[in-house]
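*Asks:* Sequence:
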Amino acid sequence: MQIHGQCHCANISFTLVWTPEPSEIPARACTCSFCTKHGGVWTSCPTGSLRVRVNEPSHVSKYAFGTKTADFHVCAKCGITPVVTCRIDGRLYAVVNVNTFEDVDPTLLRRGAAKLDQENEEARLARRKRNWIAEVEYEDATPRDAP
Numbered sequence: 799m800q801i802h803g804q805c806h807c808a809n810i811s812f813t814l815v816w817t818p819e820p821s822e823i824p825a826r827a828c829t830c831s832f833c834t835k836h837g838g839v840w841t842s843c844p845t846g847s848l849r850v851r852v853n854e855p856s857h858v859s860k861y862a863f864g865t866k867t868a869d870f871h872v873c874a875k876c877g878i879t880p881v882v883t884c885r886i887d888g889r890l891y892a893v894v895n896v897n898t899f900e901d902v903d904p905t906l907l908r909r910g911a912a913k914l915d916q917e918n919e920e921a922r923l924a925r926r927k928r929n930w931i932a933e934v935e936y937e938d939a940t941p942r943d944a945p
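Here the sequence shown is numbered in my numbering, starting from 799 and rising by one per residue.
These aren't lab readings, by the way, just hints derived from the structure by calculation.
Any given hint could be a false lead.
Claimed, not checked - With a straight-line Cα cutoff of 27 Å, these simulated BS3-like cross-link-like pairs (lysine-lysine) come out: (1) Lys835 / Lys860; (2) Lys860 / Lys875; (3) Lys927 / Lys875; (4) Lys835 / Lys927.
Source: prediction; values computed, not measured.
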């Protein structure tokens, strides 16, 4: 299944290839202060792949807090956060915000809370390595010959 998503102004967009085809999509509402204030509800498919495209990189703010082990990609134009990335052992991992999905049947989403405040950094990175999307391509539209 291909899932397309984007921020409100389409500056940050993604295509998630979910394999195998899901009978339901887990949607975790993180209870941290950032996700609560921004309405972040995250999902990932460890066996899938993700392609993120940024049209105007100068209009993307990467925000890291707490353990500073993940970057929230916030569109500075519309304020939406469609994707979070984390680099572990040189590899980029990601989760996507289900609230940014385009044309996905909402009955597929199995919503639940995720309270992760008590995790130490080692446990957090191990969980991300197990559960986050491990095949991630992050592409920005900056011309290759730009300074």
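*Asks:* Against the 27 Å threshold, does the CA-CA distance of Lys927 and Lys875 hold or violate the hint?
*Replies:* 31 Å, violated
*Asks:* Please verify whether Lys860 and Lys875 have alpha carbons no more than 27 Å apart.
*Replies:* Given pair Lys860, Lys875 holds - Cα atoms ~13 Å apart, limit 27 Å.
*Asks:* Would the pair Lys835 and Lys860 pass a check requiring their Cα atoms to be no farther apart than 27 Å?
*Replies:* 16 Å, holds
*Asks:* Hint check: Lys835 vs Lys927, CA-CA at most 27 Å. Holds or violated?
*Replies:* 26 Å, holds
Hint 3 from the list above is the single one not met by this structure.
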